[in-house]
Every structure is written in C-alpha cells, then in structure tokens.
Amino acid sequence: MEVSCHYALERLYVDQDRDWVIDAVPAVLAWVPARTGKKAAPPFAFALSRRLGGPAAATEAVSLSWDVDALRTYDSAVAERAARLRDGRSVQREHVTELAAHGLALVAVSILLPGRRVVHMNLGTAPDLVLDLTPGAVRGVEVAGRSTGGRGALRRVADGAAATPRSPAVAGKVAQLRNRGDLAEVHLSLWCAAPRVAVFAQVKP
Amino acid sequence: MSIELYSSVLGSAGRQKLRAKALLAAGDRQSRLDAAILLHEAARTEDRALSAVETPDARLRLASLVEQCACLVEGLDPAGAATTWGRVLVASAEVPSPQRDAVRERLDPMFGAAFKAFRAELRTWKTIRRTGRLLPDSGVDRKTARRELEGTMGVFPGVSSLWYGVFRHDSAEERWKAAWKAIETARRLEPDNSRYAAMALWIAGKAIGEGGLDRCLAGISVETSGPEVLAMYALNQVSLAATAPASARGGRLAKALAAAIRGESLAHEAEYLRGYLVATRLLAQSLCQGDEPGHELLFQAGLGRQMVSRGEVPANDPVEFVLENVASSIGRSEELRV
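Sequence lines, in order, name chains A and B. One point on numbering: in this note's numbering, the residue at position 86 of the first sequence is 86, and numbering is uninterrupted. One point on numbering: in this note's numbering, the residue at position 196 of the second sequence is 401, and numbering is uninterrupted.
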C-alpha cells in the first residue's frame, strides 16, 4: 500500500472554518498516536477505503502529519489541550474519540471533496457534518470513530449488527441514511485508531 | 421560505455544539457547565431557525425538534429535554415510519438513558421528597435538601431549576454573592425565564450593590418583559427613587409607573401576582403624584388577606412589603417546577 495522499494538519485551519477546526485538532493530536504502542510521532498512515465492503487490499494510504509549532500559530494552546485529553483527565473520555473522528472527517472532506466546506453540525440527527443545509436536500458527512477493532468495528458501524445474548441489535448507519428522504447526498467517514484504518464512502445518492 | 435566512439564523449553533463537545471532553466541573450553557443556546438557535421557515414540512420540523432535544440531553438537562421530547412525539405522528425511525435513531436511546438516569437521581432525594419543598422550613432539613440538590447538580449541571433551588437556599441564608452566582447561572441556561430574571432583580442590590442593580435595570426592556420582571423593575425603580437626587427622582418614578401599568395589563399571565401587580401600579401612581403612599393602598389592591396572614406590615414601607411578597410568591411558584 503506497501513500497516495499526504495531509499536513495545519492546512485544516485554512481548508475549513477555523471555528470547527480549533476544537477538533487537539483531540486528533491526542487520539491518533494513542494505543498502537508503535511509532508515536507523525506522520501517521491510515489505510483508507473509498468503498463499503470489498477486499482490504483495495485501500489507499492517507498520511497525516503535523508540526506543533505551525499548529501553535493558529491555536497557541493546542499542545496543552491535546496533552490534557491524552492524559485522560476527564470523566467524559468518550468525547475524545468522537471529537477526533470529527477532526479526521474534516481532513477527509478537505482531501476528498476539494473546495467543499462544513457549514453546520448536528448532534441528534444525521449527518453529523453538514455541507449544505437546504431543507429537504441536506448534504453532509456522517462520522464515527472507534479506538480499536479495525475494519470489523467500522463495518459494524456501517452495516449494523444482529442481536446477541449480550447486546441488542444495532442498526447500521448506511440503512438509516438511505431511509432518509430529506438527504440528497451523504458520505460516511469512519476512523479507527488501532489499527489505523478508515472508510470514506458515498452512501447516497 | 428563504434558505439564506434559515442558514443565517442557524448560524452559530453548529459551532456551539462542537465547542461544547470539546468542553465535555475536558470534563472538569466548569467545562461541563460551560458546555451545557452552549448547548442550551444551540437548542434555542435551532428553534429560532425553524421559526424562520414559513411553512416547514413535517420532516424538517421533526429533524429540528430532534436536534433541539439532543442538545438538551447532551447539555446535561434531562428535565428540559423531556419537555422537548413531547414535541418530538407530536411531530413524529406526521412523518411516515421508516423516515421517522431514521431521524430519531440516535435520539431515542440518548433520551431514554438520560431520562432514566435523571429519575434515578431524583429518587435519591429523601428530604426534598418528604417535605415536598426544595427549601424546607426546618434548618436540619434544609442542610440535607441542599446536599441532595448539589449532588444532582453535579451530575446534571444543565438543569436550570437545580441552580434555582441553590439560589433559594443561598438567598434564604442571605448569602447574596453565592445566590447571585446561582441565579445568573440559571439565567444563562434559560434566559427567557421571566421568573429567574425577576429574582435576579430582587437580589441585585444586595449582591452587587446599587450601581449593579442600576445596570441590571438599564438592561430591562419594558416592552418585551413578563409581568414578574415588570413588577420587580417598577418596585426597584421606586426604591432607588427614594434615595435618588431630586433631579433623577421624577425620571425613575415615571419609568416605574410605565412598567407597573404594563405589568398590570399582563396580570392574566401571572394570576398568582395579580394583587401585587395592582399594588405596584397604585404605589407608583401615588408617588408620581407626589403623595406618600400608606398601606391602605395595599388593601385597595386586594391584598388584605395577605396583610393579615403575614402578621406584620412594615408600617411606613408598603414598597418593601410588596417587593418581598412578590419575591416570595415567585420563589414558591417556580419551585414547584422541579
């Protein structure tokens, strides 16, 4: 798998609205290097698939790097905020994964949907990141992150999972998004930190 | 409907949500409160954006209400979310099943879990449930009730009525600075609550001094305020007029009278205050005419029973009597909402 794309995180402050980026970048810094036990300095390569399903080999590598000094020019406290999140001094640590996934989705939009910008964010309804707010024809990106589990975990997010004796059935995001008549275009942006795999696929239309 | 208008009203809500998520991830007490305040503002913005759409279709209405409810759940306010949840259920009836389920897929488990957790938390309230009061009468019960309130507030800092409960405790114990902080937090969570605004006016002079009270009064819009705020506004203007230089006295009394007249005209929105609203207008009118009002005005306003039951009437200060009774009436009425 060759690196097909390299992205310097400091570009994100220009590619997307700074207000979105400033709260997501510290989580990316805290979350992406974590848990692998291997190399803990950028660049970090994610094996990215553009299709749901299909062979694991059909991936491209997206390399993500950052220069903390360059990031500081956009957000002077970025490293300190990342350190606090990394150290887990929080009872709400699940938000770090969520936030980092949002940051990486912003990266994916910047790389894979060049020129398009996030204009809104949803909390209770899909898609998480909105590119076009037109009522009845919303366009956006649904986001999810998993700390571990690799492609299997991401597939369960996309396709859902049947009920087991220990857990109820989980509805897949793809089916839910396709059921929504008010969405004109949706992409799924799924990220896993260990191993570093990702999916960015258009599920609608 | 204008998409530009819709988008511009929705404006900052998305950014507030992401900022709130970052604060929740930081996890400390203050960050969680700040996140809750941002998410409450985001919910209000979503509501305003929906109002900007002239004829929203059923799907848009449902999606917006789901979003508002989710903001309140994530904003650690299951009590507020429960109210919006009712609107979600009503709007759901107009959207066919597969789409309705898809829109609510994320919210239903979120709300269910928050509602259950909040109910479980309220079941730990032994003293408040036994006495039926956030602010019980006995000192021992008050201490326990306060601990119960603060315990729940630590878990759900987005519930404005919990902050209001703490305000009631602090003001009863004349800890005015702490009471001010609590009522201001309740107001930041629910700025449209007329009763919180009125109670803030009640203690402003005690907590932040006459200058602070004056700044608060200057920020009040008589045209858009509710009857509780108008009564407090008028009574405070009257109080300040008593010590104001002669040149400023007339202006304050005129403002008091205008607010009192408007307040009385809105008495149907606050029947429990009707007598006090009438009394406020009579007091302001009398002072504007240069008279020295006595407590017979209070009888004229229909407050005879309250004067008997209170046992004592400040002989020369009917303004103080009305002010304290308005505060006490608002205090009790708001408490019942928790």
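Worth double-checking, as some hints may not be accurate.
Unchecked claim - Pair ranges (Cβ atoms, derived): (1) B:Glu529 x A:Gly181: 52 to 60 Å; (2) B:Ala318 x A:Ala58: 34 to 42 Å; (3) A:Ser76 x B:Asp342: 50 to 58 Å; (4) B:Glu529 x A:Asp87: 44 to 52 Å.
Rather than coming from a laboratory, the hints here were simulated on the basis of the structure. Ideal Cβ placement from N, Cα and C applies to all residues, glycine included.
Item to check | Asp87 (chain A) and Glu529 (chain B) - C-beta distance against the hinted 44 to 52 Å | outcome: holds (51 Å)
Checklist entry - If you check the beta carbons of Ala318 (chain B) and Ala58 (chain A), does the distance land in 34 to 42 Å? => result Once the Cβ atoms are compared, 38 Å apart, the range 34 to 42 Å for Ala58 (chain A) and Ala318 (chain B) holds.
Checklist entry - Holds or violated: 52 to 60 Å for the Cβ distance of Glu529 (chain B) and Gly181 (chain A)? => result holds (58 Å)
Next on the checklist: Looking only at beta-carbon atoms, does the pair Ser76 (chain A), Asp342 (chain B) fall within the given range of 50 to 58 Å?
Outcome noted: This hint holds: roughly 53 Å between Cβ atoms.
Going through the hint list in order, the structure satisfies each hint without exception.
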